[in-house]
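S.K.: Each chain, written out:
Protein chains: 2
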Amino acid sequence: MSELTIWTLDWVPQGPRGFVRDLRLRWACEEAGLDYTVRTIPFDGRETNHLEQQPFGQVPFLKDKDLEIFESGAGLLHLARKSDKLMPRDPEGEAETLQWTIAALNSIEMVTVPWWFLKICGDENNGLTEWMGQRLGHMERILSEQEWLAAKRFTVADLLMADVLRVSHVRSFGDRPATEAYVTRATSRAAFKKAHADQIAHFEAADRERAKEGSN
Amino acid sequence: MSELTIWTLDWVPQGPRGFVRDLRLRWACEEAGLDYTVRTIPFDGRETNHLEQQPFGQVPFLKDKDLEIFESGAGLLHLARKSDKLMPRDPEGEAETLQWTIAALNSIEMVTVPWWFLKICGDENNGLTEWMGQRLGHMERILSEQEWLAAKRFTVADLLMADVLRVSHVRSFGDRPATEAYVTRATSRAAFKKAHADQIAHFEAADRERAKEGSN
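Residue numbers (the numbering used here), protein chains in the order written: chain B, 1 to 216; chain D, 1 to 216.
Possibly wrong hints are sitting among the right ones.
[Stated by the list, open to error] Covered by chain B, according to a simulated footprint, are these stretches of chain D (three or more residues, beta-carbon under 8 Å):
hint	stretch
1	88-95
2	102-109
3	124-134
In short, the hints are calculated from the structure, not lab data.
Glycine included, every Cβ here is placed at the ideal spot set by N, Cα and C.
Please model the entire structure based on the sequences and the hints provided.
M.R.: This is how it looks when you write it as structure tokens:
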């Protein structure tokens with residue numbers, strides 16, 4: 001049995017498939033060549049049925065032998081210690097990777113996720129739109145000048161930033177060709193494709209389970 | 001000359017004083033007993049005058065000898081490697097500290113900052129209010145059960161979470177006594193008080209400079 005376990009939901013509706021954040025951890029393990037097992041908590045009651053493992057009722061969380069760690073960003077930084085494929089070992093490359101990993105979480109996703117939240121509540125031209133445009137504009141400028149964010153090669157910072165930028169509400173927010181090329185570049189990697197296909201297959205298997213139960 | 005330099009703005013209006021995020025890095029250095037120098041970039045033109053150092057036009061950023069690192073969260077994790085006062089060295093304590101540091105950035109601040117942004121734009125009962133209440137409610141539950149977030153003692157995760165929770169728009173959002181006690185506990189620490197007083201003094205000195213220039 002592998003030492004790493006990625007916990008996610010047993011089933012989700014079609015909409016979030018391919019985007020549930022266990023994909024970040026699957027992708028990182030695939031890039032680094034780390035074995036892992038996937039286990040699940042029930043979708044029904046998810047808001048309160050695993051607060052002991054994840055205090056905000058979210059997925060994923062990661063188990064590494066006896067260690068448990070929640071927050072996908074923390075899981076990624078934890079996995080990055082296991083492989084220099086995810087994070088370079090020289091101080092400069094490490095600092096660059098760390099800063100861009102945090103930037104994905106706290107400078108980009110901090111705007112894009114609340115903007116999306118307001119959008120799905122019916123308010124597309126909401127009070128965060130200008131801020132969203134500014135932040136994505138900064139990313140477009142940066143990505144038009146460099147292929148990857150840190151250390152001149154793919155790192156866990158790109159894995160996270162590309163995952164933040166590849167969602168449809170960000171991709172359709174204005175015309176940003178360098179960002180689009182970056183997302184394509186990152187999601188063309190074999191490790192992403194494997195992680196993505198595995199997540200889709202995981203939820204499709206759950207559909208079949210549900211259908212079987214329904215026919216009993 | 002100290003090896004660490006914290007970069008912030010040369011001046012800000014009264015409102016943000018005591019809350020500019022160089023305080024996070026000052027506080028961490030004070031907790032860890034690390035020497036540091038503070039240097040500044042001009043407030044006027046701040047949105048574009050230091051994009052080479054900070055690609056979103058924000059402060060702070062940190063210089064450690066030849067390394068430059070932006071994002072206050074990344075700066076904190078970088079400083080945490082220098083002192084076990086900020087992050088325990090055992091794997092469990094380290095993982096706990098890492099996950100709660102990321103939670104402060106990506107589960108709490110990701111809601112509280114956009115909520116505040118909409119509020120100052122005049123929309124206090126905005127579409128993020130219910131989400132904000134849920135997240136702060138989870139924190140209240142957690143903080144009613146434990147004194148500090150990780151490793152049963154103060155860590156850099158508390159430094160960051162307390163800094164996220166101590167802003168007035170969060171403190172005045174409902175009645176959450178455990179959170180309020182936590183914020184009081186964290187901000188009663190000598191290192192916080194020193195960092196806070198130093199930031200206030202820094203901007204007051206800038207006021208005097210500006211007044212002198214005005215009288216020439």
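S.K.: Please go over all the hints and tell whether each is borne out by the structure.
M.R.: Tested hints:
1. 88-95: Since three or more residues must qualify, the claim that chain B covers the stretch 88-95 of chain D holds, with 3 doing so at under 8 Å.
2. 102-109: holds (count 6)
3. 124-134: holds (count 4)
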